[in-house]
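Each chain is listed here by its residues.
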Amino acid sequence: MSTAPNDYLLHLADNAVVLGQRDAEWCGHGPILEEDLALANVSLDLIGQARLLYQLAATRMGKGATEDSLAYFRDDTEFRNYTLVELPNHGALVGYAASDRDYATTIVRNFLYSALMVLVWDALQKSPDADLAAIAAKSLKEARYHLHHAADWVVKFGDGTEESHARAQAALDHLFPYTEEFWTPSAIEDAAIASGAVTDVRTLRAAWDAIVADTLAEATLKRPEVRGYVPEGKHGRHSEHLSYLLGEMQGLARAHPGATW
Amino acid sequence: MYTQAMDIPDESGKKLSVVSPPQSEQEAAFEARIDADGRIEPQDWMPEAYRKTLVRQISQHAHSEIVGMLPEGNWISRAPSLKRKAILIAKVQDEGGHGLYLYSAAETLGTSRGDMIDGLHSGKAKYSSIFNYPTLNWADVGVIGWLVDGAAIMNQIPLCRCSYGPYARAMIRVCKEESFHQRQGYEALLVMMKGTEAQRSMVQDAVNRWWWKCLAMFGPPDADSPHSAQGMRWGIKRISNDDLRQKFIDATVPQAKVLGVSLPDPELKWNEARGHYDHGQIDWQEFWNTVEGNGPCNKERLATRVKAHKDGQWVRDAALAHAQKQRARADKEAA
Numbered sequence: 001m002s003t004a005p006n007d008y009l010l011h012l013a014d015n016a017v018v019l020g021q022r023d024a025e026w027c028g029h030g031p032i033l034e035e036d037l038a039l040a041n042v043s044l045d046l047i048g049q050a051r052l053l054y055q056l057a058a059t060r061m062g063k064g065a066t067e068d069s070l071a072y073f074r075d076d077t078e079f080r081n082y083t084l085v086e087l088p089n090h091g092a093l094v095g096y097a098a099s100d101r102d103y104a105t106t107i108v109r110n111f112l113y114s115a116l117m118v119l120v121w122d123a124l125q126k127s128p129d130a131d132l133a134a135i136a137a138k139s140l141k142e143a144r145y146h147l148h149h150a151a152d153w154v155v156k157f158g159d160g161t162e163e164s165h166a167r168a169q170a171a172l173d174h175l176f177p178y179t180e181e182f183w184t185p186s187a188i189e190d191a192a193i194a195s196g197a198v199t200d201v202r203t204l205r206a207a208w209d210a211i212v213a214d215t216l217a218e219a220t221l222k223r224p225e226v227r228g229y230v231p232e233g234k235h236g237r238h239s240e241h242l243s244y245l246l247g248e249m250q251g252l253a254r255a256h257p258g259a260t261w
Numbered sequence: 262m263y264t265q266a267m268d269i270p271d272e273s274g275k276k277l278s279v280v281s282p283p284q285s286e287q288e289a290a291f292e293a294r295i296d297a298d299g300r301i302e303p304q305d306w307m308p309e310a311y312r313k314t315l316v317r318q319i320s321q322h323a324h325s326e327i328v329g330m331l332p333e334g335n336w337i338s339r340a341p342s343l344k345r346k347a348i349l350i351a352k353v354q355d356e357g358g359h360g361l362y363l364y365s366a367a368e369t370l371g372t373s374r375g376d377m378i379d380g381l382h383s384g385k386a387k388y389s390s391i392f393n394y395p396t397l398n399w400a401d402v403g404v405i406g407w408l409v410d411g412a413a414i415m416n417q418i419p420l421c422r423c424s425y426g427p428y429a430r431a432m433i434r435v436c437k438e439e440s441f442h443q444r445q446g447y448e449a450l451l452v453m454m455k456g457t458e459a460q461r462s463m464v465q466d467a468v469n470r471w472w473w474k475c476l477a478m479f480g481p482p483d484a485d486s487p488h489s490a491q492g493m494r495w496g497i498k499r500i501s502n503d504d505l506r507q508k509f510i511d512a513t514v515p516q517a518k519v520l521g522v523s524l525p526d527p528e529l530k531w532n533e534a535r536g537h538y539d540h541g542q543i544d545w546q547e548f549w550n551t552v553e554g555n556g557p558c559n560k561e562r563l564a565t566r567v568k569a570h571k572d573g574q575w576v577r578d579a580a581l582a583h584a585q586k587q588r589a590r591a592d593k594e595a596a
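From first to last, the protein sequence lines are chains A and B. The letter at position 5 of the first sequence is residue 5 when you use our numbering, and the numbering goes up by one with no holes. The letter at position 278 of the second sequence is residue 539 when you use our numbering, and the numbering goes up by one with no holes.
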């Protein structure tokens with residue numbers, strides 16, 4: 001039976017944990033109580049997905065690996081997440097800049113990512129790697145809810161007020177170029193496809209384009225044209241932002257190596 | 262989590278009437294139902310002072326849940342394992358959920374969430390003062406679960422029998438979740454106490470900082486508690502502050518022993534004659550300073566809530582504008 005390579009499991013897990021960390025930044029700061037709860041819920045789902053994937057990878061890797069050794073004791077260059085998910089919850093600024101959180105950035109990012117993941121999990125739930133297929137089946141249900149939630153708000157923003165429309169369009173313009181990374185090849189994905197356990201994400205592009213086009217049309221927002229730099233987070237070459245995110249996330253655990261919590 | 266605030270006067274509570282004989286048939290019926298331990302429901306007649314007391318108490322309770330998300334939320338990004346991170350997010354989310362259904366319970370009394378939130382943001386309405394202290398190390402998360410939620414449960418279990426139906430029913434669900442939080446907090450501390458010296462020090466440090474604040478959460482001594490008598494009469498309050506505080510101490514001392522931490526009170530001793538633990542003096546001056554807005558984190562907590570609300574204005578405006586446009590489009594199609 002074919003199994004997905006561990007590096008690919010880490011790619012999926014890193015995406016989930018990093019976006020879970022970003023979405024949780026809204027906890028206690030949401031624009032309305034219901035959204036505070038919704039974002040915490042999305043974050044909780046993503047952390048849960050990351051845990052299952054890290055646990056599966058850790059079991060297969062052996063040598064004392066655990067979900068926490070993989071999440072807390074790997075450096076930023078070892079993280080295989082898309083750059084999209086590590087960006088801060090605001091517009092384009094350098095790594096050490098401070099800014100207010102922008103809900104449009106968060107929602108548009110969750111929309112672009114969950115539109116991809118409903119397709120990825122749907123494909124992976126048919127994987128011959130039964131463990132991965134089980135995680136995918138569970139994650140698909142969650143991703144559908146995440147997409148529903150985010151797309152609903154993209155439409156509200158686009159159709160709502162002049163300000164919300166402008167903010168949503170600005171967020172799209174900022175984030176859309178990062179989605180190019182979904183469609184570029186990487187050694188990890190090539191190996192995963194070769195294993196026979198994983199679908200080539202590039203075959204999902206037309207379906208992703210259709211989801212995005214439908215929502216943007218309803219929201220009266222424009223799909224930005226993308227050219228130039230293609231992010232390389234999944235190769236381990238990240239934005240300035242990931243090492244800050246991991247520094248915060250991993251600091252306490254790394255100050256007490258070997259401790260059980 | 263929450264407690265205490267029911268005894269803390271705020272702007273809306275200053276003109277409360279005192280216990281007086283019934284003035285009308287309606288009032289006599291209300292009093293009779295209270296005496297029979299019956300429930301008052303939203304559609305029932307109730308004295309204005311009863312309604313006001315409940316709005317004050319339930320909204321303070323809701324505000325406490327919302328402000329209470331902040332001290333623990335402070336550790337979500339830094340939780341030292343994914344399991345603890347997930348537990349903490351779920352817990353803080355529960356507190357937000359409690360806030361949501363408590364605001365809804367208060368709305369059955371004719372107020373609105375917007376008005377209540379304005380009261381919080383303007384500083385008119387209070388919230389539980391316990392959230393005006395900082396969370397300084399990871400063990401604070403466990404200690405808040407064990408002690409703060411533990412104290413909250415002591416205060417809230419009697420509220421499940423509160424005379425006002427919607428509040429009592431909300432409290433049944435809240436208490437179930439709080440009791441789960443308390444066990445989770447205690448379990449996290451047990452694991453840390455079995456760990457390294459540094460982990461044990463974190464737990465002891467957190468216990469030292471939270472113990473006295475938790476005792477103060479039960480509110481001023483009965484002799485100084487302004488709203489207690491009327492609250493008891495109306496079946497809103499069931500057990501006095503001092504009795505609840507004693508119950509909490511008696512339950513907590515053995516738990517501290519099992520955990521292996523000391524409680525920072527040299528006068529804490531079992532009193533055979535009373536059948537209870539004696540304890541030292543609570544610093545009420547410090548408590549009132551904090552209630553009045555001059556504690557270590559009052560300004561940060563409130564300013565953070567105000568900022569979240571203000572920053573979220575455009576989001577709420579967008580949702581409203583979209584809903585109005587949708588309605589207009591539907592009307593046009595129907596026409």
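In case anyone wonders, no lab produced these hints; they're calculated from the structure. Check each hint, because a few of them may be wrong.
To be verified - DSS-like, lysine-lysine: derived pairs with alpha carbons at most 25 Å apart:
1. B:Lys586 x A:Lys222
2. B:Lys344 x A:Lys141
3. B:Lys455 x B:Lys518
These figures come from a predicted structure and were not determined experimentally.
Tested hints:
no.: 1; hint: B:Lys586 x A:Lys222; verdict: holds, 20 Å
no.: 2; hint: B:Lys344 x A:Lys141; verdict: holds, 21 Å
no.: 3; hint: B:Lys455 x B:Lys518; verdict: holds, 14 Å
This entry satisfies every hint, going by the numbered hints stated previously.
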